[in-house]
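Residue numbers (UniProt numbering), protein chains in the order written: chain A, 1 to 489; chain B, 1 to 489.
These are calculated hints, taken from the structure and not from any lab test. Positions of the beta carbon are idealized from the N, C-alpha and C atoms, including for glycine. One or more hints might be untrue.
Simulated coverage check for chain B against chain A, where a stretch passes if three residues somewhere in it have a Cβ under 8 Å from a Cβ of chain A [what the hints assert, rightly or not]:
no., region
1, 271-280
2, 334-343
3, 378-385
4, 437-450
Straight-line C-alpha distance at most 27 Å; calculated DSS-like pairs for lysine-lysine [said to hold, decoys possible]:
no., chain 1, residue 1, chain 2, residue 2
5, B, K25, A, K25
6, A, K335, B, K98
7, B, K25, A, K335
8, B, K46, A, K335
9, B, K335, B, K50
10, B, K162, A, K335
11, B, K453, B, K422
12, B, K98, A, K98
13, A, K162, B, K43
14, B, K435, A, K284
15, A, K422, B, K335
16, B, K24, B, K330
17, A, K25, B, K51
18, B, K471, A, K335
19, A, K335, B, K435
20, B, K424, A, K335
21, A, K24, B, K330
22, A, K25, B, K24
23, A, K335, A, K43
24, A, K335, B, K43
Below are the chains, spelled out letter by letter.
Protein chains: 2
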Amino acid sequence: MSENGAVPRRGKVLTLDTMNASVKKVEYAVRGPIVQRAVQIEKELKEGVKKPFDEVIKANIGDAHAMGQRPITFFRQVLALCTYPELLDDNTFPEDTKNRARRILQACGGNSIGAYSASQGIECIRQDVARYIERRDGGIPSDPDNIYLSTGASDGIVTILKLLVAGEGRTRTGVMISIPQYPLYSAALAELGAVQINYYLNEEKCWSLDISELKRAVEAARQHCNPRVLCIINPGNPTGQVQSRQCIEDVIRFAAKEGLFLMADEVYQDNVYAEGCQFHSFKKVLFEMGPEYSSTVELASFHSTSKCYMGECGFRGGYMEVINMDPDVKAQLTKLVSVRLCPPVPGQALMDLVVNPPQPGEPSYATFIKERTATLRALAEKAKMTEEILNTVPGISCNPVQGAMYSFPRISLPERAVQEAKAKGVAPDMFYCMKLLEETGICLVPGSGFGQKDGTFHFRMTILPSADKLKVLLNKVKEFHQRFTQQYS
Amino acid sequence: MSENGAVPRRGKVLTLDTMNASVKKVEYAVRGPIVQRAVQIEKELKEGVKKPFDEVIKANIGDAHAMGQRPITFFRQVLALCTYPELLDDNTFPEDTKNRARRILQACGGNSIGAYSASQGIECIRQDVARYIERRDGGIPSDPDNIYLSTGASDGIVTILKLLVAGEGRTRTGVMISIPQYPLYSAALAELGAVQINYYLNEEKCWSLDISELKRAVEAARQHCNPRVLCIINPGNPTGQVQSRQCIEDVIRFAAKEGLFLMADEVYQDNVYAEGCQFHSFKKVLFEMGPEYSSTVELASFHSTSKCYMGECGFRGGYMEVINMDPDVKAQLTKLVSVRLCPPVPGQALMDLVVNPPQPGEPSYATFIKERTATLRALAEKAKMTEEILNTVPGISCNPVQGAMYSFPRISLPERAVQEAKAKGVAPDMFYCMKLLEETGICLVPGSGFGQKDGTFHFRMTILPSADKLKVLLNKVKEFHQRFTQQYS
Ligand SMILES: Cc1ncc(COP(=O)(O)O)c(C=O)c1O
Ligand SMILES: Cc1ncc(COP(=O)(O)O)c(C=O)c1O
């Protein structure tokens with residue numbers, strides 16, 4: 001303090017210059033400047049500002065309920081019963097929803113979903129997850145001790161990456177991620193200070209994964225870091241491809257040969273639309289390859305309540321299964337997750353219902369199947385419609401949306417537009433998407449937010465708006481693209 | 001691959017030796033070996049193994065519902081309505097619960113709590129939080145833009161620490177934490193590789209905070225790191241003290257003088273029991289000190305749905321308010337939280353109800369007040385009972401439990417017990433607590449898990465079991481302590 005007792009004037013403790021440099025490097029396009037501008041525009045519309053459109057349509061994020069998808073009745077009934085157990089006396093709730101709720105509550109401390117759970121997740125839910133995985137994978141055993149419930153898949157993915165990052169300089173952990181990627185991965189790697197190793201998906205072959213490209217990437221990376229992890233998203237975000245069984249087998253063989261820990265992000269496991277495509281879990285393929293693989297290759301796979309037919313993003317439910325993890329490391333993982341106490345219990349309960357849905361003969365079965373089927377069918381139709389309409393636009397080319405919830409079409413941008421964007425210091429596809437937003441109210445994410453081959457441009461669009469809205473949206477994009485192309489030619 | 005096509009045998013990618021060394025350094029006693037053993041013993045009891053007790057009583061963690069505390073009816077009714085909006089047609093729900101639910105749902109994407117929210121939290125909930133803070137702090141303004149909803153307070157605390165950690169070697173960020181501390185802090189610092197700077201609370205003066213001790217600690221730390229952050233927990237965990245207004249003012253003056261970012265963990269803000277004690281928020285005191293402080297000192301304060309009279313730990317709701325944060329850093333914070341998409345929406349909704357409870361004249365008001373009062377009164381009685389019974393035991397001395405949910409009594413351990421523990425390679429109070437668990441089924445956490453002055457021993461015990469159970473527990477601890485003392489004298 002100065003003589004008169006006043007605090008000496010000093011700068012802030014925490015500034016851009018003195019903050020964590022790794023955090024500064026983080027980028028997250030799905031909620032970047034375009035989305036911030038979209039939120040502003042929504043406010044302007046509310047305040048009566050005149051625009052060439054009446055509403056902002058957000059096709060930037062895989063948020064099904066926000067786009068009007070209805071929750072599954074059974075899930076919400078059981079969750080309401082768990083939240084307010086007095087409803088167990090209400091005769092309008094089917095008997096099976098009550099049984100489910102009672103079972104979950106019995107597994108909670110003090111029979112309340114307001115109690116902390118075990119940090120790894122509620123034991124009986126982890127058992128249900130293990131049985132789900134066994135059914136899904138044709139009987140290959142799953143051990144509840146290998147299941148960790150998480151706060152959405154995001155949390156599980158970051159946690160496993162955290163364990164894996166070590167070394168300095170040339171021994172620093174390198175993590176292979178697909179380009180285009182879901183930007184959680186690059187963000188987490190930047191924050192953890194790991195080395196991001198890009199491998200490019202093959203756009204010409206429907207965004208498939210070539211082992212030769214994995215080889216190229218890992219060999220180049222070995223010059224400057226220690227590649228230890230290979231991340232795969234299947235079905236793919238943002239690219240919508242579904243991997244073939246053969247490809248998965250090749251990837252596993254590659255990981256075994258190169259000594260890589262596999263991370264399989266399978267949050268879209270029910271979102272497969274294209275004929276001839278099928279979801280194969282990495283776990284299943286690994287075990288079908290026999291003990292020389294199934295007893296050695298280290299794998300973590302991730303699932304979530306946010307996607308598939310559920311779309312329950314707000315509950316932040318998820319799980320991961322770890323295979324062949326060193327028991328000492330597993331103990332470290334368990335300790336690490338205990339610092340945050342536990343994943344949200346309503347999300348855990350929801351995960352339980354997802355892995356243990358109504359069975360034939362139970363009162364909720366018919367409605368459940370009807371709702372699930374309708375949602376998945378609608379998504380399949382919208383996947384098809386998206387591909388078809390976009391491919392009618394000269395200068396846009398769109399791979400089939402085989403799965404997940406996104407299309408990632410390639411767009412040709414006139415040279416003059418590219419120049420103008422560069423003069424303004426923005427990526428050309430950001431320039432394009434920002435103009436699209438201002439002129440039409442449509443909010444997409446530029447390809448540069450996910451990564452793309454140099455000199456190519458894309459945007460990512462979800463297929464989640466209702467079919468009617470999606471059609472309008474696609475046709476507006478079409479008109480805009482034609483106008484934009486003319487304007488800058 | 002070897003010639004015959006087999007995978008070459010190789011060790012694991014991820015082992016204790018090759019994993020993240022910072023994660024290895026993390027410790028978290030509240031869920032450490034004692035608790036793991038307690039879980040095992042519970043299983044053994046279920047399997048019929050004979051023990052000198054019938055049940056494990058867990059007084060190791062501040063988990064109110066698990067200890068039988070009942071949720072607040074109003075909260076659960078509104079949450080059930082948000083979860084399953086068909087119940088809005090149910091006449092058994094009071095009108096105010098329905099209005100609240102409608103308001104929350106309108107603020108959700110697609111009117112569903114299953115949609116992702118803005119990463120900073122739902123806007124109208126942040127507004128409600130700001131108004132709550134204004135009421136609590138006698139009208140001092142709060143800006144919703146400074147409010148970030150979080151996944152429990154844990155998440156907020158770790159996020160702010162993450163921003164603050166920078167530098168290497170002697171310029172590495174040092175973070176001052178009280179000893180004894182809540183182990184989230186030491187765990188987060190270990191994980192982030194920050195320097196932990198201990199300042200000791202004064203057990204002789206009811207765990208109060210001496211500025212001279214803060215001075216000593218910061219000066220010593222300046223020899224080897226860059227002290228930039230001062231963390232305070234008030235009311236205190238594990239020590240149960242409530243800071244005086246004068247002390248808070250002194251702490252703020254100290255932080256201003258030394259150039260420290262203040263982190264005020266105020267999750268127990270409603271848990272004040274002792275006569276003459278009152279909760280003062282750091283924000284309020286800061287602003288009452290006038291603009292030379294209120295416009296310069298950087299402060300983040302934290303709240304949670306987990307404690308107070310709510311005890312809703314499983315929902316993982318929380319918020320933080322940041323004051324005087326550099327706008328560029330705030331933008332970085334907003335970006336950082338967006339990577340995890342959003343805090344759980346049911347937890348956000350619950351936080352909204354906590355900051356905006358039923359008002360006089362509303363149908364739920366009377367029941368709400370009755371339930372809240374009963375819970376807080378019961379806690380106050382148990383705080384008193386704990387102190388009184390423990391202080392009747394020769395060799396145990398317990399400060400008044402002024403607030404929060406814990407007592408942290410000091411125990412004298414006979415020299416022979418200390419020697420035996422050391423011979424076994426465990427901390428003496430861990431040895432004591434483990435024996436207590438095996439002989440009585442009571443699960444406490446040894447003081448060494450929180451930090452304590454060298455040569456002193458403590459345990460932490462929550463006051464959460466029901467009054468009857470707590471009395472039994474305290475008397476069992478009494479008997480055990482006497483037996484233990486005799487045995488080792
Ligand atoms: C490929 C992928 N992985 C993980 C996530 C994270 O989802 P959540 O954290 O909501 O489970 C997403 C969300 O869009 C995703 O697309
Ligand atoms: C002092 C203190 N801070 C923070 C927390 C974290 O609580 P939560 O993450 O459940 O909000 C706790 C939990 O016991 C605590 O005691």
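* Asked: Holds or violated: are the alpha carbons of K98 (chain B) and K98 (chain A) at most 27 Å from each other?
  -> holds (23 Å)
* Has the given pair, K25 (chain B) with K335 (chain A), been kept, meaning a C-alpha gap of at most 27 Å? -> Since the Cα atoms of K25 (chain B) and K335 (chain A) sit roughly 10 Å apart, the hinted pair holds (cutoff 27 Å).
* Asked: Does K335 (chain A) pair with K43 (chain B) here, judged by a C-alpha cut-off of 27 Å?
  -> Cα-Cα ~20 Å, so holds.
* To do: For the pair supplied as a hint, K435 (chain B) and K284 (chain A), confirm whether the alpha-carbon distance does not exceed 27 Å.
  => violated (45 Å)
* **Pairwise hint evaluation, K335 (chain A) against K471 (chain B), where the allowed Cα distance is 27 Å at most** => Since the Cα atoms of K471 (chain B) and K335 (chain A) sit roughly 32 Å apart, the hinted pair is violated (cutoff 27 Å).
* Hey, K162 (chain A) versus K43 (chain B), does the alpha-carbon distance stay inside 27 Å? -> violated (32 Å)
* **Distance restraint between K335 (chain B) and K50 (chain B), which requires alpha-carbon spacing of 27 Å or less** => violated (55 Å)
* Pair hint K335 (chain A) and K43 (chain A), alpha-carbon separation not exceeding 27 Å -> Not satisfied, since the Cα-Cα distance of roughly 44 Å exceeds 27 Å.
* Do at least three Cβ atoms from the region 378-385 of chain B come closer than 8 Å to Cβ atoms of chain A? -> violated (count 0)
* Asked: Taking only the CA atoms, is the gap from K453 (chain B) to K422 (chain B) under or equal to 27 Å?
  -> holds (17 Å)
* **Pair hint K25 (chain A) and K51 (chain B), alpha-carbon separation not exceeding 27 Å** => violated (56 Å)
* Do at least three Cβ atoms from the region 271-280 of chain B come closer than 8 Å to Cβ atoms of chain A? -> violated (count 0)
Of the hints listed earlier, those the structure fails to meet are numbers 1, 3, 4, 6, 9, 13, 14, 16, 17, 18, 23, in rising order.
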